[in-house]
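Each chain, written out:
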Amino acid sequence: MIQVEVIGVEPACYRCKETMQNTEKVAAKLRQEGHEITVSKLDVMNKSTMEKYGVVRTPAFALNGVIKIMGKVPDSGVIERIIRKEL
Amino acid sequence: METRSKIRLIALLSVIIIVTGLMAWSILSKLNLMPTATSEHLQTLPLWQIPLYYIWDYAKHGWLCLSFAFIMSGLFQEFIPQDLMLKYMGSGDWRAYIFATLLAPVFCVCSCTMVPIFGGLVFAGSGIGPALTFLLVAPANNLLADIITVQVMGWPIALADMLAGATSAILIGYIVSKTPWGKQFEEKFGVRAQTAPDVDLVDEPFDDRLWNAFRFGGQMAKQILPSFLIGLVIVSYFQAFFPEEIVRNLMTGARGVLVAALLGGPLYTPTLIEVVLGRALMDLGMSPAATVAWLMGQPYDIPNSLSASKVVGWKIVVTYGILALISAILSGLVYGFITGGF
Chain H
0 MIQVEVIGVE PACYRCKETM QNTEKVAAKL RQEGHEITVS KLDVMNKSTM
50 EKYGVVRTPA FALNGVIKIM GKVPDSGVIE RIIRKEL
Chain W
0 METRSKIRLI ALLSVIIIVT GLMAWSILSK LNLMPTATSE HLQTLPLWQI
50 PLYYIWDYAK HGWLCLSFAF IMSGLFQEFI PQDLMLKYMG SGDWRAYIFA
100 TLLAPVFCVC SCTMVPIFGG LVFAGSGIGP ALTFLLVAPA NNLLADIITV
150 QVMGWPIALA DMLAGATSAI LIGYIVSKTP WGKQFEEKFG VRAQTAPDVD
200 LVDEPFDDRL WNAFRFGGQM AKQILPSFLI GLVIVSYFQA FFPEEIVRNL
250 MTGARGVLVA ALLGGPLYTP TLIEVVLGRA LMDLGMSPAA TVAWLMGQPY
300 DIPNSLSASK VVGWKIVVTY GILALISAIL SGLVYGFITG GF
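Just so you know, the protein sequences line up as chains H and W, in that order. Counting in numbering that gives the first Met the number 0, the first sequence runs from 0 upward without gaps. Counting in numbering that gives the first Met the number 0, the second sequence runs from 0 upward without gaps.
Since the hints were made in silico from the structure, they are not lab data. Accuracy of the hints is not assured; some may be wrong.
Unchecked claim - Subject to a maximum C-alpha distance of 35 angstroms in a straight line, what follows is the list of computed DSBU-like cross-link-like pairs (lysine-lysine):
no.: 1; chain 1: H; residue 1: 51; chain 2: W; residue 2: 177
no.: 2; chain 1: W; residue 1: 86; chain 2: H; residue 2: 84
no.: 3; chain 1: H; residue 1: 46; chain 2: W; residue 2: 221
no.: 4; chain 1: W; residue 1: 314; chain 2: H; residue 2: 51
no.: 5; chain 1: H; residue 1: 16; chain 2: W; residue 2: 187
no.: 6; chain 1: H; residue 1: 16; chain 2: W; residue 2: 5
no.: 7; chain 1: W; residue 1: 182; chain 2: H; residue 2: 46
no.: 8; chain 1: H; residue 1: 46; chain 2: W; residue 2: 187
no.: 9; chain 1: W; residue 1: 187; chain 2: H; residue 2: 51
no.: 10; chain 1: W; residue 1: 86; chain 2: H; residue 2: 40
no.: 11; chain 1: W; residue 1: 5; chain 2: H; residue 2: 84
no.: 12; chain 1: H; residue 1: 16; chain 2: W; residue 2: 314
no.: 13; chain 1: H; residue 1: 28; chain 2: W; residue 2: 221
no.: 14; chain 1: W; residue 1: 59; chain 2: H; residue 2: 16
no.: 15; chain 1: W; residue 1: 86; chain 2: H; residue 2: 51
no.: 16; chain 1: W; residue 1: 86; chain 2: W; residue 2: 314
no.: 17; chain 1: H; residue 1: 84; chain 2: W; residue 2: 221
no.: 18; chain 1: W; residue 1: 5; chain 2: H; residue 2: 24
no.: 19; chain 1: W; residue 1: 314; chain 2: H; residue 2: 40
no.: 20; chain 1: H; residue 1: 24; chain 2: W; residue 2: 221
no.: 21; chain 1: H; residue 1: 16; chain 2: W; residue 2: 86
no.: 22; chain 1: H; residue 1: 28; chain 2: W; residue 2: 5
no.: 23; chain 1: W; residue 1: 86; chain 2: H; residue 2: 24
no.: 24; chain 1: W; residue 1: 221; chain 2: H; residue 2: 16
no.: 25; chain 1: W; residue 1: 182; chain 2: H; residue 2: 40
no.: 26; chain 1: W; residue 1: 314; chain 2: W; residue 2: 182
no.: 27; chain 1: W; residue 1: 314; chain 2: H; residue 2: 46
no.: 28; chain 1: H; residue 1: 40; chain 2: W; residue 2: 187
no.: 29; chain 1: W; residue 1: 86; chain 2: H; residue 2: 46
no.: 30; chain 1: H; residue 1: 51; chain 2: W; residue 2: 221
no.: 31; chain 1: H; residue 1: 51; chain 2: W; residue 2: 182
All chains, full assembly: derive it from the sequences and hints.
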């Protein structure tokens, strides 16, 4: 079970949106292969997000509670590589 | 390394070297990167041609400066370890102010980046002072804005703008942190026992990172250029038809500083446009001192204030707005007295 969180601002700017779209694309692909993946969007200004992750540069990408990418938009290739490592 | 990566690496590096080289050459040979259109010439054109001519005139000179600025902001974003700097900024004593001021130029203009860092700094316990200093310095003194201000306004005014911006941001941050509502805000959100978050960033090969830098520069361009073009259209008509006497009368001397400081804020446009509009006003007769005050009017613009007030509350926003206005006026006056540029 893989848990992916995309951390961004609300309302989402285009950088966060792009990250979310790329993530969803990869998740859909991996789900078809039979893996279980949840993708959720966290608001960076939310207290609980800050408590969990501290000062974050957006967009950020966390896998099972560990931040893997921060402050840049990962393309789907990078996302897929990161997730596949944990499968 | 694969051949494909190698080719990409060489191509990207050559673009960087060529653009940087051209930029250095244009600075050394003192090329003018600003539009050279005069009001008299613009007035002879048909109405619909004015913006086209002005934009073409700007693009002819400005493309190099803009490409350089976008590429550099991408490289900074990708290769400077910003997380380390955030740690320094969060140290919570007077050093945090210095770091916030010195490091802000490295972070790029984008509300998506600014507000979260601001919120994170306050929450992580750096105090509202340094966080506010950061929020004030970053839009005015970031790499992109600095390169363009220097190119468009020249060194003396650009340097004065950076220095004045940094000084007043530190003072404003400090003063606000001493007000009752500043303290109240800190108590509500401030220092919390924080467990170190799990961060394990993935390594990417060098050519991928270089490509990321270009992508970031491109995204910045995509975000900024449309409003910049609209701004240039407005500025072109402004330069063509705004009566010179009004600018000469209103925007010179001590009164000019006051007027420029008052207009520079509410009339907020993205930095790029503010700079070009300032240049157009200067060509129409605004004094250098008033120009400094004009450029300082960024922190208290209305859109910026609205997004900040969602985080910190209107009392803090009003306090810093008033303080920023005062500091814009003072900077203009000081610049005028030192250089005689009223």
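Broken hints, by number
none
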